[in-house]
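Student: The opening position of the sequence shown corresponds to residue 43 in the working numbering, with each subsequent residue numbered one higher.
Calculated directly from the structure, the hints in this document are not laboratory data. It is possible that some hints are incorrect.
[Stated by the list, open to error] Calculated cross-link-like contacts (lysine-lysine; reagent style DSS-like; alpha-carbon spacing at most 30 Å):
| hint | residue 1 | residue 2 |
| --- | --- | --- |
| 1 | K237 | K186 |
| 2 | K169 | K186 |
| 3 | K347 | K186 |
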Amino acid sequence: MTQNVLADRRARFAALVNPTSVVFLALAAVILVGWTLVAVDGGQFLTMETVVGVQQRSAALGIVAVGQTLAILAGSLDLSVAYLISLTSLVAAVTMAGQDSNIVLAVGAVVGVSALVGLVNGLMISKLRVHAFIATLGIALVIKGILSDLYDGPAGRVPESFQHLGYDRLGPVPVSALLWAAVALVAWFLLRRTKYGYRVYAVGGDIEVARLSGIRTDRVIIITHVLCSLCAGIAGLLLASRLGAGAPTVGTDGGYDLESIAAVVLGGTALAGGRGGVAGTVGGVLLLAVLDSVFNQLEVNSFFKDVVRGVVIVVAVAVYARRTGLAGRRRT
Numbered sequence: 043m044t045q046n047v048l049a050d051r052r053a054r055f056a057a058l059v060n061p062t063s064v065v066f067l068a069l070a071a072v073i074l075v076g077w078t079l080v081a082v083d084g085g086q087f088l089t090m091e092t093v094v095g096v097q098q099r100s101a102a103l104g105i106v107a108v109g110q111t112l113a114i115l116a117g118s119l120d121l122s123v124a125y126l127i128s129l130t131s132l133v134a135a136v137t138m139a140g141q142d143s144n145i146v147l148a149v150g151a152v153v154g155v156s157a158l159v160g161l162v163n164g165l166m167i168s169k170l171r172v173h174a175f176i177a178t179l180g181i182a183l184v185i186k187g188i189l190s191d192l193y194d195g196p197a198g199r200v201p202e203s204f205q206h207l208g209y210d211r212l213g214p215v216p217v218s219a220l221l222w223a224a225v226a227l228v229a230w231f232l233l234r235r236t237k238y239g240y241r242v243y244a245v246g247g248d249i250e251v252a253r254l255s256g257i258r259t260d261r262v263i264i265i266t267h268v269l270c271s272l273c274a275g276i277a278g279l280l281l282a283s284r285l286g287a288g289a290p291t292v293g294t295d296g297g298y299d300l301e302s303i304a305a306v307v308l309g310g311t312a313l314a315g316g317r318g319g320v321a322g323t324v325g326g327v328l329l330l331a332v333l334d335s336v337f338n339q340l341e342v343n344s345f346f347k348d349v350v351r352g353v354v355i356v357v358a359v360a361v362y363a364r365r366t367g368l369a370g371r372r373r374t
């Protein structure tokens, strides 16, 4: 009897501690530990420069991760986002050619290219029944080939007026962070307040049950991949505004494909789909950004950085898996 009571209490505790709460508690713990370590090292961690730097570094990854959240919630993923970011940064910079009058045209071109890539990804996964990993990896290699053939280095020029997107601030808040917040809010609204969001969770939870329930699962997957690619395109525009030009390696150098998936997983979204949300992803992105800031101030070598980040991700997944298992046993 005592064991049953203890098991029930553990299950109730696990149900109360949701992944979003866990990731923000972990973020607070990392900030506290980072502040302590930097102070012991003789530095200052919670300065205006650090806070602004964390926001600026996390903006591009955050935008991509929001799109990746949509894809993963639908039981899919997108490995083409890194190369798409590079491609869209070049499309934007080459189209702008340093002229303010070309900004709208460049943004339209980026939207068109991004939507096309997302459409192709979605059609291959939904209509041709190609696994998302293979389909998006194949598109990534196609884009890589295009970039390698057409560009040897940075190209195009972004006008100064558009560079305000990457560098301007409203007080302590960078404009790029506001752009990330806007993208995250739109995605949150779509998931929580529209039929599309309900269908995404249904498809990610069990695609066959969703199909039998009358949901047009192919359409949901296609729309989701278009939205994911559009987020990558927005990130490409942001990075072009920072660089002042397009770069064929800006997406891959930043590791935005695997980093975005890691942030989504840290935020508690299940890789199998159907569980999670944008709020947790925001926490996951900020957690990675704060870790990077701590490591940079402590001048930690890149090998140790990767080890710690890997351990954090594995521990987070283990905690979420244990919580899910306890909740499942409680329901049975």
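Student: Would you mind marking each hint as holding or not holding in the structure?
Tutor: To see whether the hints hold, each was checked on the structure:
no.: 1; hint: K237 - K186; verdict: violated (36 Å)
no.: 2; hint: K169 - K186; verdict: holds (24 Å)
no.: 3; hint: K347 - K186; verdict: holds (27 Å)
Hint 1 from the list above is the single one not met by this structure.
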